Amino acid sequence: MTDRSSRDGVVGSASVAVSARNLGKSYGDTVAVRDLSFDARAGEVMGLLGPNGAGKTTTIKMLTTLLPIDSGSATIVGIDVAAQPDAVRRVIGLAGQFAAVDEKLTAQENLEMFGRLYKIPKTERTQRVDHLIDRFDMGEFADRIAETYSGGQRRRLDVVASLIASPPVLFLDEPTTGLDPRSRTELWDEIADLATQGTAVVLTTQYLDEADRLSDRIIIIDEGVVKASGTSAELKTSLERDVLEVHVVSAEDLDRAVEVAEQVASGVSSDSEDRLLQIPLTDGSSQSLAVLRQFDASDIPIDDFQLRRPTLDDVFLTLTATGGNR
Amino acid sequence: MTTTHAALARRPGFATRFKWTLQDIATMTWRDLIRTWRQPEMLTFAVIMGVFFLLLFYYVFGGAIGAGTGVDYIQYLVPGIFVITTLTGAQQTGTGLATDLSQGVTDRFRSLPMSQMAVLGGRTIADALRNTISVVLVAIVGYMLGFRFVSIGAAIGAIVLSVGIGFSFSWMNAAIAAKVKSAEMVGMLSMFWLFPLMLASTVFTPAEQMPGWLQGFAKWQPISVVADAARKLSDGIPAGEAVLWSIVWILALLVVFVPIAAAVYRRG
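Chains as they are written, first to last, in the numbering used here: chain A, 1 to 326; chain B, 1 to 268.
It should be emphasised that the hints constitute simulated quantities derived from the structure, not laboratory data. Warning: the hint list may mix true and false statements.
DSS-like mimics (lysine-lysine), calculated; alpha carbons at most 25 Å apart, straight line [unchecked claim]: (1) A:K104 / B:K181; (2) A:K119 / B:K181; (3) A:K122 / A:K104; (4) B:K19 / A:K122; (5) A:K119 / A:K104.
Just so you know, these numbers come straight off a predicted model, no measurement behind them.
Just chain B, with the same shape it has in the complex (with noise of 0.2 Å):
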C-alpha cells in the first residue's frame, strides 16, 4: 500500500464529508435537471398539470359552489391548486426515481464515494424547482381568472408552502419507489395516498359540507392544512397558526420519511 492509498484509507472529518455532501446533491440536483429539460414532452405535460386541474375543477364545481355559498370560488381554489400541483409533481418524483433506480448508472452511483442520499437529493430538489414552475403557471391563469394576492409577500409565502409541502411527499414517493422499484407499482400505489388527500380535503369544498366524521381528517390532513395557510396568506387573512401547522407537517413527513428513503436505497 502506497502512502496515497494510505491517506485515501483515512475516513475525512465531519466538516469535509458535510462539504462533499453538499456538493454531490448540488452535483445530483445539477444532474436530474439536465435529465428534466432532455425530456421535454414529460416536462411540458408536467409542468401543465396544475393549469389543467385548474381549469377543470374551476369549470366543473365553480358554478355549483360559487353560487350556492356566495364564496368567491376562483379566490378559494387556486391555493388549494397549488398545493395538488405539487402532489402531483411529487408522485412523479417516484415514478422517475423507479425507473432511474433500475437503470445500471445507479450500480455505478453506487461504487463511486459520493454520499448516496445525493441520488435521492438531487433528484427531489429537482423535482421541487419544477413543482414551483408550475405553481407559478397556476398562480398567471388564476389571475386570469380573476384571483389576486393580497402582496408580493403573501405570493411568496403561499407558493414556497406548497412547494415545501411536495418536496415533503417527494421523499415519501422516493421511498416508495426506492422499495418498489418499478414505476407501474409506483404509479398504482400512488391511487391508495394521492386521491384521499386530494379529495377528502378542503381544496375544493369547505369541510362543513362533508359527513361529520370525515371533517376531522379532511381539516387536518397536510394538503387542508398548506392549502388552509396558502388561502389566508392570499386572501390577507391572519395566517400565523395556519403556517406553523403547515410547517410542522412539512417537518415532520421530512423526518419520517428522508430516513426511511435513505435506509432503504442503501439497502438496496
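Looking at chain A on its own, in the form it has when it is part of the complex (with noise of 0.2 Å):
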C-alpha cells in the first residue's frame, strides 16, 4: 500500500489493455481527478469503486474520448487516446450510467445502427446481432421499441450494444445502478464472462459486493486520486486488523459498552437497532479477550459475540473521506 506502483495499480506485462499515467481533469478551480494512474490487462475485470463524486465517471470519459484530458497520458491497446481518438474508438465499447440507446428504436434496430457506425460489413453485422440477441436471450423484446422496456431489458441493451464489435476493452459506467437483484446477477455473470474470453473491462461501482464479486484487481478513489489497490484480498488484508462484533442483550448498555470497548481499541461504531457494536482489533484474538472481559467486569451483558475478517466495507470505510477519517 505504501510502494507506489501497488498504490497506483500500475502493471508492468506485455498484454496491457488500458494503460493510465497519472490522469488529470479540472472544471475550473475543482479538481475531479488527480494524479491517477492504472493498468487493466485483457481477460481482466478492473474495479474503479469509489463514493459519489469521486471521479470514476470523469476518469471513464477522458479514456473512452469524450472528454479532452487535461494531464498526463493514457493508451487503449496501446494507441494513444488525446493523439488518435478516431483509432481509439474502433477499440472500445462503452456502457455507460444512462442507458444509451435509442427510445425509439428496438433492440434489434439499435444493434444494427452501432454496427453499421462501426463499419462492419452486412452479412457480418446481421450475423453478430443475431448472436447478441440470442445469447443475451433478448429475442422476447428484440422487436419491441426501447422505451417499453423494463429497466433491467433496457441496460442489457445497453450493455449489449458496447459488445456489436467485439471491442478488446469494455468500460462500464456503473453498469447496474438502479437494476433488481436478479438482472444484477445476470449482469454480473454476463460481464464475468466476457473477461473470461479476453475482453478487458474497466467497471466502475459504488457498490463493494459488486467490486468484489468482478473485479480481479480494484482501485478505491475518492476525491478524484487513488486510495488503494490490489485484489479484495489483499486491499482487506491490508487493514491489517479483524472486526469484534459484540450484540449486547439491552440497547441501554450500549453507550456504556462503547465506553468500555474505547478502552482498549479506537474507531468503536455501534447501531442500536440492532444492539451491535463493531470494535476493530489490531491484535485480534487477545484483544478481544481483553474486551470481553471488560464488559464482564463492567456488568454489561451480552448476546453474542464473533471475530470476523474485515470486508470490503471496511477497507472502503476507512479509505473514503465520506467514512469518516480514522
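Could you use the hints to bring the two separately framed chains together as a complex?
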C-alpha cells in the first residue's frame, strides 16, 4: 500500500489493454481527477470503486475520448487516446450510467445501427446482431421499441450495444445502478464471461459487493485520487486488523459498552437498532479477550460475539472521506 | 498490441473516410426517419403546419389584399407559404435535436468511430424530406383553392428551392441547439429570427406596401428572395436572376452554419 506502484495499480505486462498515467482533469478550480494511474490487462476486470463524485465517471470519459485529458496520458491497446481518438473509438465499447440507446428503435434496430456505424460488413453484421440477441436472451423483446422495456432489459441492451464490434476493451460505468437483484446477478455473470473470453473490462461501481464479486483487481478512488489498489483479498489484508462484533442484550447498555470498548480499541462504531458494536482490533484474539473481560467486569450482558476478517466495506469506509477520517 | 490493433490505429485514406462519412449520414438519416415515423402526432402536426398557415393567411388577408390590388392572391400566396412551411420545419430541427442531444444515446455516438457531423446531417436531411411532404401538401390544398403551377418543371423548381432554404435554416438551428442544448431555449430563441423573417418579408404582402426603411430588408432577406423565385417559377415569369439569388442564399447560409454547427457539437 505504501509502495508507489501498487498504490497506483500499475502492472508491468505485455498484455496491458488500458494504461492510464498520471491522469488529471479539472473543472475550473475543482479538481475532478488528480494524478490517477492504473493498468488493466486483457481478460481482467478492473474495478474503479469510489463514492459519488469520486472522479470515476470523469476518468471513464477521458479514457473513452468523451472528455479531453488535461494532464497525463492514456493508451488503449497501445493507441494513444489524446493523439488518435478515432482509432481508440474503434477498439472500445462503452456502456454508461444511463441506458444509451435510441428509445424509439427496437433492440434489433439499435444493434443494427451501431453495427453500421462501426462499419461492420452487412453479412457479418446481421450474424453478429442475431448472435448477440440470442446469447443475451433478448429474443422476447428484440422487436419492441426500447421505450417499452423494463430497467433490466434496457440496461442489458445498453451493455450488449457496446459489444457489437467485439471490442478488446470494454468500459462499464456503473452498469448495474438501479437494477433489481436478479438482473444484477445476471449482468454480473455476463460481464465475468466476457473477461473470461479475453476482454479487458474497466468497471466503475459504488457497490462494494459488485467490486468484490467481479473485479480481479480494485482501485479505490476518492476525491479524484487513488486511495488504494490491489485484489480484493489484498485490500482486506492491508487493513491489518480484525473486527469484533458484539451484540449487547439491552440497547441501554450500548453507550456504556462503547466507552468500555474504547479503553482497548479506537474507532468503535455502534448500531442501536441491532444493539451491535463493531470493534476494530489490531491483534484480534488477545484483544478480544480483553474487551470481553471488560464487559464482564462492567456488568454489561451480551447476547453473542464474533471475530471476523475485515470486509471490503471496512476498507472502503476507512479509506474514503465519507467514511470518516480514522 | 496485436497486429489487428496496429491496423486499427492507422488512419484510413481520404477516399475511405469520405465513403464512411456518407455511410454514417445515410445511417443517421435512416434512424431519424424511423424516429419521425414513430412519433405520429408530432409528424402529423409538423406536416399540416403549412396547410394551416395557408388557410389562415388566405382567409385573413386574402379578401383585403386581393380586392385592393387586383392581385390573384392565392397565386401570390402559395409559393410564399412553401417557404414559411420549410422555415417552421427548420425550427423543429432545433427543438428535436436539442432533446436528442440531451439523451444518453448521444454520448454513445460520441464514443463511436463515426463521423460526428452525421449526427447533425442525418437530422437535417430527415427534416428536409419531411419538409418536402409538407410543401407538397400545401401545393395540393393550394390547387383546390385555385393555385396553379405553369408546368411540372416549375413545380419541382419551386419545391426544391423552398426545401433548400429550409435545409439551410435547419443547420442554423442545429448550431443553436448544439449550443444551448435545451428545447425550450431553442423554441424561445426561434421567435427572434422566425417572426422577423416571416413577417418582414414579401411572403404575404408586396414590399411596396411597407415603410421605405423596411423595404430593402424585406426584399433582400432570404425568405423573400426564395419566395419571389418560387412565385416567378410557378407563374412562368422569367426567374433566372431570382433563382440565382436563391441559390446564393442557400449556399451562403450552409457555408456559414454547417461548420459552426459541427464545431459547436464537437466541443460538446
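Hints, verified against the model:
1. A:K104 / B:K181: holds, 20 Å
2. A:K119 / B:K181: violated, 29 Å
3. A:K122 / A:K104: Within the cut-off at roughly 22 Å; holds.
4. B:K19 / A:K122: Given pair K19 (chain B), K122 (chain A) holds - Cα atoms ~15 Å apart, limit 25 Å.
5. A:K119 / A:K104: Distance of about 22 Å is within 25 Å: holds.
The structure fails hint 2 only (numbered hints given earlier).
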